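Whenever a hint applies, use it, and build me the whole structure from the sequences.
Chains as they are written, first to last, in my numbering: chain R, 1 to 382; chain W, 1 to 309.
Just so you know, these hints were derived from the structure itself, not from any lab. Please read these numbers as outputs of a predicted model, since none were measured by experiment. Heads up, some of the hints might be wrong.
[What the hints assert, rightly or not] Result set (DSS-like, lysine-lysine): computed pairs, CA atoms no more than 30 angstroms apart in a straight line:
id, chain 1, residue 1, chain 2, residue 2
1, W, LYS43, W, LYS223
2, R, LYS197, W, LYS43
3, W, LYS202, R, LYS197
4, R, LYS53, W, LYS171
5, R, LYS224, R, LYS197
6, W, LYS305, W, LYS198
7, W, LYS305, W, LYS8
8, R, LYS53, W, LYS9
9, R, LYS238, R, LYS221
10, R, LYS371, R, LYS283
11, W, LYS9, W, LYS223
12, R, LYS371, R, LYS381
[Stated by the list, open to error] Sample of chain R residues lacking proximity to chain W, with all beta carbon distances greater than 10 angstroms (derived):
id, residue
13, SER56
14, SER124
15, ARG286
16, LYS381
Every residue, glycine too, gets a C-beta built ideally from N, C-alpha and C.
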Amino acid sequence: MKKVLTGNFAAAYAAVAARVQVISAYPITPQTTIVEILSELVARGELAADFIKVESEHSALAACIGAQAAGARTFTATSAQGLALMHELIHWTGRARLPIVLANVNRAMAPGWSIWADATDAISERDTGWMQIYCEDNQEVFDSILMAYRIGERAEILLPTLVNLDAFFLSHTSQVVDLYDAERIDAFLPPYRPAVKLDVADPRSFGALTSPDYYYEFSYKIQKAHEAARQVIAETGKEFGSVFGRSYGLTEAYRCEDAEYVLVTYGTIAGTAKVAADRLREKGFRAGVLKIRYFRPFPAEDVVRILGRAAAAGVVDRAISYGQAGPFYTETRSVLPGAGPALTGFIAGLGGRDVSVADLESMFLQLRDGKHSPIVWIGVKP
Amino acid sequence: MNAAELQKKTPFRLTLPEEEILSPGHLACQGCGAAMAMRYALKALGRNTILSIPACCWAVIDGPFPYSAAGVPVFHCAFETAASTAAGITHALSRLGLDEITTVAWAGDGGTFDIGLQALSGAAERNDNMIYVVYDNEAYMNTGIQRSSATPHGAWTTTTPTLQFKKGPKKNIMEIMVAHSIPYAATANIAYPEDLVKKLQKARSLRGMRFLHVYAPCPTGWKHAPGVTVKIARMATECNVFPIYEVEEGVYSINRRNPNPKPVAEYLKMQGRFHHLREEDVQFIQSRVDRDWQRLIKLEQAFGKAAGT
Ligand SMILES: Cc1ncc(C[n+]2csc(CCOP(=O)(O)OP(=O)(O)O)c2C)c(N)n1
Ligand SMILES: [Mg+2]
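Right, dumping it as structure tokens:
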């Protein structure tokens with residue numbers, strides 16, 4: 001079944017399609033319609049779930065943690081300040097190996113108050129053990145949430161996933177979304193049946209005091225799970241394609257086969273970059289786009305393989321790690337061999353500033369002419 | 001001596017459930033009131049119980065990975081999330097058709113009166129189906145005896161040194177919880193295990209948010225010998241420092257009365273944390289204890305069982 005949906009509705013309908021059993025979330029612009037529609041669907045009985053209407057994001061994620069540990073599939077959604085308030089529990093979820101899925105509407109951090117798109121909120125949760133997906137359109141939001149449960153719940157993975165969608169550009173923009181049919185989704189995503197959970201017949205403690213004798217190995221195992229996830233993500237994305245007709249990988253390479261100049265980017269900017277690449281190709285400029293879907297685990301192999309063929313590449317970040325550079329730039333840089341290609345970091349669109357096709361065309365051209373600096377500001381006002 | 005032999009020998013009938021669910025290998029200090037509280041609580045609640053335990057002494061007492069002394073499933077949660085984590089657990093259990101399991105949030109006074117108060121208030125306002133137990137040792141003991149808002153006036157802690165001892169009253173957590181109109185709120189004291197067990201059993205038979213404020217001395221933090229924990233706890237109630245009462249659907253009942261309450265000075269004398277107090281400090285504390293007790297009596301007169309008739 002196809003519907004015209006905003007990104008937020010796509011996220012909410014994905015939670016419904018995944019038959020989540022417990023939801024706990026707290027409203028924040030621009031995520032609010034996710035909690036509103038889910039409240040409505042739960043009230044109408046269209047989703048057989050408990051929605052715990054908590055008093056903060058902190059409690060929202062704590063409640064999801066408790067529920068998931070007790071054996072329920074859970075869902076939450078937030079944005080910016082809410083995600084930051086969850087931070088301690090974001091770590092908790094990752095280390096507790098609970099495959100919770102969180103839809104995060106990427107929004108700028110205050111002050112000044114901004115409700116517009118910026119990925120710095122999610123980037124700040126980089127080192128927490130969560131997998132992170134950045135979506136380009138509403139269909140990808142829907143599909144990614146379904147796949148996130150399927151991948152995260154695998155016994156060898158057991159990791160939570162942050163599914164990111166850009167504020168307003170996706171959260172409040174309507175697009176056609178195929179919701180498929182419940183039968184196929186249920187077959188793709190069977191009920192959550194964790195091997196270990198809070199169980200009175202098998203009493204265990206979870207998250208107890210942990211000496212240096214054990215903590216190190218717990219961390220090692222989280223890293224191993226992320227490494228294993230790369231292949232599971234690729235396989236699941238392919239399987240998803242065979243069932244539903246849309247395949248996904250850790251990245252999406254657009255016109256990169258023969259590209260001389262490649263822009264690496266994520267979220268909605270990827271869509272605009274594809275248009276810029278098309279336009280430049282009409283003029284004989286061999287442009288390509290490497291969209292990063294998964295920031296964690298980082299798709300090192302794809303990046304090396306695809307950028308390795310380019311003369312020069314740039315990374316477009318709608319985020320910044322102050323005192324260094326764009327976070328995707330530094331990650332990309334870190335996996336490339338010293339020999340190249342030449343890499344430029346572009347900072348664009350912070351706080352929801354528009355990033356136009358013309359901006360992206362100019363970035364492509366700078367790759368040809370540029371000095372390949374780690375930070376190039378796009379449209380900064382004096 | 002087993003329980004049956006003990007019953008024969010003593011004039012009192014032992015009414016506590018015999019089964020020991022908490023195993024003896026836990027890590028509590030000698031004379032720890034919090035360990036006694038858990039032992040009695042598990043006797044009352046049985047094995048069909050899941051605990052959510054935040055950062056507090058009990059996060060350590062249960063034992064390091066891979067050990068656990070509790071004998072029931074324990075989810076160790078973040079300091080301020082005992083209630084919110086338990087909310088998730090109890091909703092999941094209900095979704096999974098496991099309603100007969102009792103979800104218990106088990107937190108210290110710091111995790112309840114201070115950092116976890118918001119989450120607790122949220123869970124209480126929603127009337128989430130759990131028993132919330134605060135074992136009150138009147139300071140942050142896990143981190144080495146720092147003051148909390150449950151620390152009483154006059155007490156020494158490492159952050160309220162004797163030259164600047166804790167000023168101001170202990171936060172009245174019971175009144176805060178009663179103000180949420182929850183089905184059941186009660187105080188209990190490890191010196192009166194039968195009362196504690198009875199209250200937890202009553203709490204278990206009810207639904208929604210049930211709150212227990214349990215008095216649990218800490219020899220390490222209060223500076224008294226491990227052997228006198230129960231004596232001090234009993235003294236707290238006998239001098240009206242810690243009255244034993246319950247509020248069921250808004251109806252107050254004082255469960256223990258002292259026709260001749262002991263002077264608070266006797267209670268204070270037993271603990272090193274009060275040794276710096278001068279005569280006038282002690283008098284002031286006595287006056288506050290008397291005032292609070294009178295207030296409780298008035299509450300019972302106004303909102304007790306007799307009030308409606
Ligand atoms: C967010 C956070 N802040 C501070 C701490 C450090 N901390 C751990 S336990 C504790 C005090 C606990 O006091 P209480 O709740 O009274 O329990 P007790 O230790 O007395 O049993 C503190 C401050 C923490 N774990 N998490
Ligand atoms: Mg304490």
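Right, here's what the structure says about each hint:
1. Using a Cα cut-off of 30 angstroms, the hinted pair W:LYS43 and W:LYS223 holds, with the two alpha carbons roughly 29 angstroms apart.
2. Proposed proximity of R:LYS197 and W:LYS43 is supported: the alpha carbons are some 23 angstroms apart, at most 30 angstroms.
3. About 28 angstroms separates the Cα atoms of W:LYS202 and R:LYS197, which keeps this hinted pair within 30 angstroms; it holds.
4. With a CA separation close to 27 angstroms, the supplied pair R:LYS53 and W:LYS171 stays within the 30 angstroms bound.
5. Simply put, R:LYS224 and R:LYS197 have alpha-carbon atoms about 21 angstroms apart, close enough for the 30 angstroms limit, and the pair holds.
6. Taking the CA atoms of W:LYS305 and W:LYS198, the gap is about 19 angstroms. The hint holds against a cut of 30 angstroms.
7. At most 30 angstroms may separate the alpha-carbon atoms for a hinted pair to count; W:LYS305 and W:LYS8 exceed this at roughly 37 angstroms.
8. Among the hinted pairs, R:LYS53 with W:LYS9 is inconsistent with the structure: their alpha-carbon atoms are about 54 angstroms apart, more than 30 angstroms.
9. Restraint check for R:LYS238 and R:LYS221: satisfied, since their Cα atoms lie roughly 26 angstroms apart, inside the 30 angstroms limit.
10. In summary, the hint linking R:LYS371 to R:LYS283 is supported, as the alpha carbons are separated by about 23 angstroms, within the 30 angstroms threshold.
11. A threshold of 30 angstroms between alpha carbons decides the hint, and for W:LYS9 with W:LYS223 the separation of about 34 angstroms lies outside it, so the pair is violated.
12. Proximity of R:LYS371 to R:LYS381 is assessed by CA-CA distance (about 21 angstroms); at most 30 angstroms being required, the pair is judged to hold.
13. Taking the minimum C-beta to C-beta distance to chain W, about 7 angstroms, the non-interface status of R:SER56 is violated against the 10 angstroms cut.
14. For R:SER124, the requirement that its beta carbon stay farther than 10 angstroms from each beta carbon of chain W is met, with the minimum near 18 angstroms.
15. In this structure R:ARG286 is separated from chain W by more than 10 angstroms, as the shortest Cβ-Cβ distance comes to about 51 angstroms.
16. Its beta-carbon lying about 41 angstroms from the closest one in chain W, R:LYS381 satisfies the requirement of being farther than 10 angstroms from that chain.
In summary, the structure is inconsistent with hints 7, 8, 11, 13 from the numbered list given earlier, while agreeing with the others.
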